[in-house]
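Turn these sequences into a full structure, and let the hints steer you where they fit.
For the protein sequence lines, the chains are P and E, in the order given.
Under this note's numbering, think of the first position of the first sequence as 1, with each following residue one higher.
Under this note's numbering, think of the first position of the second sequence as 327, with each following residue one higher.
Errors might be hidden in some of the hints.
[Claimed, not checked] Simulated pairs of lysine to aspartate or glutamate, EDC-like, Cα-Cα distance not exceeding 20 Å: (1) E:Lys389 / P:Asp4; (2) E:Lys797 / P:Asp194; (3) P:Lys6 / E:Glu843; (4) E:Lys352 / E:Glu892; (5) E:Lys664 / E:Glu682; (6) P:Lys6 / E:Glu826; (7) E:Lys357 / P:Glu300; (8) E:Lys797 / P:Glu19; (9) E:Lys458 / E:Glu538; (10) E:Lys458 / E:Glu518; (11) P:Lys6 / E:Asp391; (12) P:Lys6 / E:Glu830; (13) E:Lys858 / P:Glu19; (14) P:Lys70 / E:Glu538; (15) E:Lys797 / P:Glu257; (16) E:Lys389 / P:Asp9.
[Said to hold, decoys possible] Beyond 10 Å from chain E on every Cβ pair, some chain P residues (computed): (17) Asn126; (18) Asn248; (19) Pro309.
Just so you know, these hints were derived from the structure itself, not from any lab.
Just so it is clear, CB atoms sit at the ideal spot from N, CA and C, and this is done for glycine as well.
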Amino acid sequence: MAVDPKAYDPRNLHLPELEVMHSGHLACPGCGAALGMRQALKALGDNTMVVIPACCWAVIVGPYPYEALKVPVLQVAFETAAISAAGVRAALDAQGKHDTTVLAWAGDGGTFDIGFQSLSGAVERNDDIIYVCYDNEAYMNTGIQRSSATPYGAWTTTTPVEAPKAEPKKNMVEIMVEHRIPYTATASIAYPEDFIRKLRKAQSIRGAKFIHLWISCPAGHKSEERYSVKIARLAVETGIFPLYEVENGVHYTINHEPAFTDVAEYLRLQGRFRHLKDEDIETIRRNIEWEWKRLRAKAEMGRTLPAPPPPVRAVVEEGEHEPSTE
Amino acid sequence: MVEINPRTLDDVPATSYSDHATTAIKTGTWKYVQPVYEDKLPACSHRCPAGNDISRFLYLTAKGDLLEAARWIRRGNPLPATLGRVCPHPCEDECNRGPLGGAIAIHMMERFLGDQGAAEELLPERAPATGKRVAVVGAGPAGIAAAYNLALRGHEVEVLDDKPEPGGFLRTGIPQYRLPREVLDREIALVERCGVRFVPDTRVGRDVSLDELRERFDAVLVAIGFHGSRPLGVPGEDHEHVYNGVRLLERILAGERPELPPRMAVVGGGNTAMDVARSLRRIGVEPVVVYRRSRMEMPAIPTEVDEALAEGIEMVFLTAPKRVVIEGGRITGLECVKMRLGEPDESGRRRPVPVEGSEHVVPVSGIVTAIGETAELDMLPEPLRDGWRVAHDARFATPLEGVFTAGDVATGEGTVTAAVGTGRRAAAVIDAFLRGEALPEEAPRVQVLWGRQVRLDTVVHVEQLNLAYHKEAPRPGIEELDPAVRVRDFSEVVRSFTAERAIEEARRCLECGTCNECLNCLWFCPDVAIHKRSGFGFDIDEEHCKGCGICVEECPRDALTLVEVER
Ligand SMILES: Cc1cc2nc3c(=O)[nH]c(=O)nc-3n(C[C@H](O)[C@H](O)[C@H](O)COP(=O)(O)OP(=O)(O)OC[C@H]3O[C@@H](n4cnc5c(N)ncnc54)[C@H](O)[C@@H]3O)c2cc1C
Ligand SMILES: Cc1ncc(C[n+]2csc(CCOP(=O)(O)OP(=O)(O)O)c2C)c(N)n1
Ligand SMILES: [Mg+2]
Chain P
1 MAVDPKAYDP RNLHLPELEV MHSGHLACPG CGAALGMRQA LKALGDNTMV VIPACCWAVI
61 VGPYPYEALK VPVLQVAFET AAISAAGVRA ALDAQGKHDT TVLAWAGDGG TFDIGFQSLS
121 GAVERNDDII YVCYDNEAYM NTGIQRSSAT PYGAWTTTTP VEAPKAEPKK NMVEIMVEHR
181 IPYTATASIA YPEDFIRKLR KAQSIRGAKF IHLWISCPAG HKSEERYSVK IARLAVETGI
241 FPLYEVENGV HYTINHEPAF TDVAEYLRLQ GRFRHLKDED IETIRRNIEW EWKRLRAKAE
301 MGRTLPAPPP PVRAVVEEGE HEPSTE
Chain E
327 MVEINPRTLD DVPATSYSDH ATTAIKTGTW KYVQPVYEDK LPACSHRCPA GNDISRFLYL
387 TAKGDLLEAA RWIRRGNPLP ATLGRVCPHP CEDECNRGPL GGAIAIHMME RFLGDQGAAE
447 ELLPERAPAT GKRVAVVGAG PAGIAAAYNL ALRGHEVEVL DDKPEPGGFL RTGIPQYRLP
507 REVLDREIAL VERCGVRFVP DTRVGRDVSL DELRERFDAV LVAIGFHGSR PLGVPGEDHE
567 HVYNGVRLLE RILAGERPEL PPRMAVVGGG NTAMDVARSL RRIGVEPVVV YRRSRMEMPA
627 IPTEVDEALA EGIEMVFLTA PKRVVIEGGR ITGLECVKMR LGEPDESGRR RPVPVEGSEH
687 VVPVSGIVTA IGETAELDML PEPLRDGWRV AHDARFATPL EGVFTAGDVA TGEGTVTAAV
747 GTGRRAAAVI DAFLRGEALP EEAPRVQVLW GRQVRLDTVV HVEQLNLAYH KEAPRPGIEE
807 LDPAVRVRDF SEVVRSFTAE RAIEEARRCL ECGTCNECLN CLWFCPDVAI HKRSGFGFDI
867 DEEHCKGCGI CVEECPRDAL TLVEVER
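What follows is the structure in structure tokens.
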């Protein structure tokens, strides 16, 4: 029989069983950042140290003397996630603990804005860390202020509906790519297998790794809690948030071809976009189209371009940990 | 919770260091809504008159548990092997897999599972004997289904029928090329094994009266079907070569090979017309089907029409008989008039209207009428007679105390699946009656009899599914004997699925409204508050579930519901 009658597998997703996060953390109901961390630590395992600057996660992780993670967490100043992680890395290396993974886990404010210079410095030095920016597109912890990750047209408390954000979202991934670091990727909580594969790939590479994780935030996006994964999925399927990865600043791989569902589907589930007029939505549509042209052009260019000549900062140990699903 | 109450500076750590799990914090108190696991009625089962628990037997099949699946389907339905072959399967019209590669071939699955298993391992356990006795009149599918369910509930059941063998139209109407007699015989034998006694050649109203039965038994079920013929209403129809379709079929199917004219008109467009035409073809007579409406309005099961056409059977549509043309005592043709479709009638189909001056003769030397049967009620006591049906209320109870009814003679639905369903439902009412319980207002819906916790007030349609998790997969082909080969005898036309094909097909089922432990709920919980049980299913950690509802939304099959928290 070509069909194994006993091998029935009803699962849609195959994720590691390992659980490194506790219940009882202080995230709001439906928090995408909490779900993202749960998935991230499933991938990285319990030999991991997490560095968290000021952001929602500094609260989620629990008030003293409680801790939501089963691994050590170091809480650091807002602007210092990347360099603090690099410091932890150096300390671990000094102790000979080379196989402990160091994860910097910061919000978009802490990454795109205030932590920007220290992040740029750390990755330029190719410090051996995995930096995940969980992007909820505003300073949520302090009450939904605009960041440079806030998308065009969105409402925040500092970009009220009378004057919603007029500027496009900063393209942090491309900025990281241009640091020519070994590995840069985007990810989504709605595609946990893809996210986990990317983290494991990052774990197998020595040097600076940056992952941009899109997450929903019911409180800040004014969306229904139950739709947190649905909205994250729509961010990908509408094309607004492409899933791709870039090696050595050159080689692009688009990981998921979106259905290009109309972006209005995505916008209408979030109160922060409720004020948008048809022409604003049209602007957003045109932008998605243009961004995809640009992304595909880069992917095409990367196919033909040879690897950059020395000196390169990449130290890639390929195949060390092949992505596995169990 | 841990107490934080430093008394001296020494109690305060130099660096605050947290080493207690947040599980001590009961974040579950935040919620005002909460998820509950709750299987719902899939669209397919909602439409199944026989009340098959389709998603459940497909789930068991998908797991490779074929015997368990076969046992599940037989819990209340004694005729799955039969139904899988003859049912028009309205379930498949509703199947949510439809737009994603084509409906699940549910009838082929029912047929496959119906054919599985040995008698000693298939049957449900019988309830302890109640000492109550029931007479079932009519051994068609309605009577068989009722008898089976009553026997399983511990009652003693006798089924009286005027034919030499049980089965009703399953034996005397539906030909072997659609329903091999071994299949029917096996299912009837299984029913006998449950203690049901079949009494053949006994006609109520001739050999025994209904009143006598009422005296000898604690309850009586009348399930005598439609066995009265209807006249064609045209001159010449009393000619010896004008046959009643059902009667002629009964003889042919019993193995008789009467001398018949070489070319015969078959008047009608239902299953009887198709089966008469196809059976005539198989015994060397050339049939021509004459139907007064168009192909679209034909009441026959569409696949039967396709199969008949594939067998080269000639059909003339929009043609109604006016007169049998008799020359020198012999039929030479059927004079017909052309019809056109006018306004819709009560059945919703467009009413045929004659086209004036379009009379013509279809050359044939014999005629078979297949224009539908009607009830034959004259042998029943007066209070039971209600036009074409046996008088009854919503509980299938007739005006006579202790007398119930089911099947065609009750509802006139004209399908085996409806007969089985009404038989099951009537049995549930009779059971309550025999136990002296208060009768329900209405006979319970068949799904209530499943014996599985399923919410029945919502039906899972495509809109309730999370389509992000359902990928397109094509419906498998169904193999048939080549038309040129199959018209030579009464061999079964459609081939069964192999076990491999059946398991593959079961795995294509979306399991609408039915938890299959896909784990989406568990994976997507931001609060790590859903845990797999060691047995089937999941536990929700009430103390930590914040009631976000992501699990409900990400469930691919609507097997979870968000409900308000009661405080
Ligand atoms: C040729 C043909 C093809 C058909 N094809 C299909 C099909 O493909 N799919 C489908 O779903 N349906 C089909 N049908 C319809 C289906 O067979 C009937 O709807 C179904 O059998 C009704 O079941 P029942 O139990 O109510 O009655 P029946 O099957 O009619 O059984 C009633 C029984 O009671 C007996 N009886 C009658 N009066 C008395 C009496 N006074 N005393 C004792 N016994 C009595 C009859 O002889 C018969 O045996 C077909 C019908 C015909 C005629
Ligand atoms: C230097 C400094 N400035 C301001 C703050 C106040 N602060 C704490 S968290 C936060 C917002 C963080 O936003 P982001 O990084 O996007 O994370 P989020 O809260 O959205 O998860 C701010 C402004 C601080 N802790 N330190
Ligand atoms: Mg933020």
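Hint by hint, here is what the structure shows:
no. : hint                : in the structure
1   : E:Lys389 / P:Asp4   : holds, 9 Å
2   : E:Lys797 / P:Asp194 : holds, 18 Å
3   : P:Lys6 / E:Glu843   : holds, 15 Å
4   : E:Lys352 / E:Glu892 : holds, 17 Å
5   : E:Lys664 / E:Glu682 : holds, 8 Å
6   : P:Lys6 / E:Glu826   : holds, 11 Å
7   : E:Lys357 / P:Glu300 : violated, 49 Å
8   : E:Lys797 / P:Glu19  : violated, 29 Å
9   : E:Lys458 / E:Glu538 : holds, 16 Å
10  : E:Lys458 / E:Glu518 : holds, 17 Å
11  : P:Lys6 / E:Asp391   : holds, 8 Å
12  : P:Lys6 / E:Glu830   : holds, 12 Å
13  : E:Lys858 / P:Glu19  : holds, 13 Å
14  : P:Lys70 / E:Glu538  : violated, 79 Å
15  : E:Lys797 / P:Glu257 : holds, 15 Å
16  : E:Lys389 / P:Asp9   : holds, 8 Å
17  : Asn126              : holds, 29 Å
18  : Asn248              : holds, 32 Å
19  : Pro309              : holds, 44 Å
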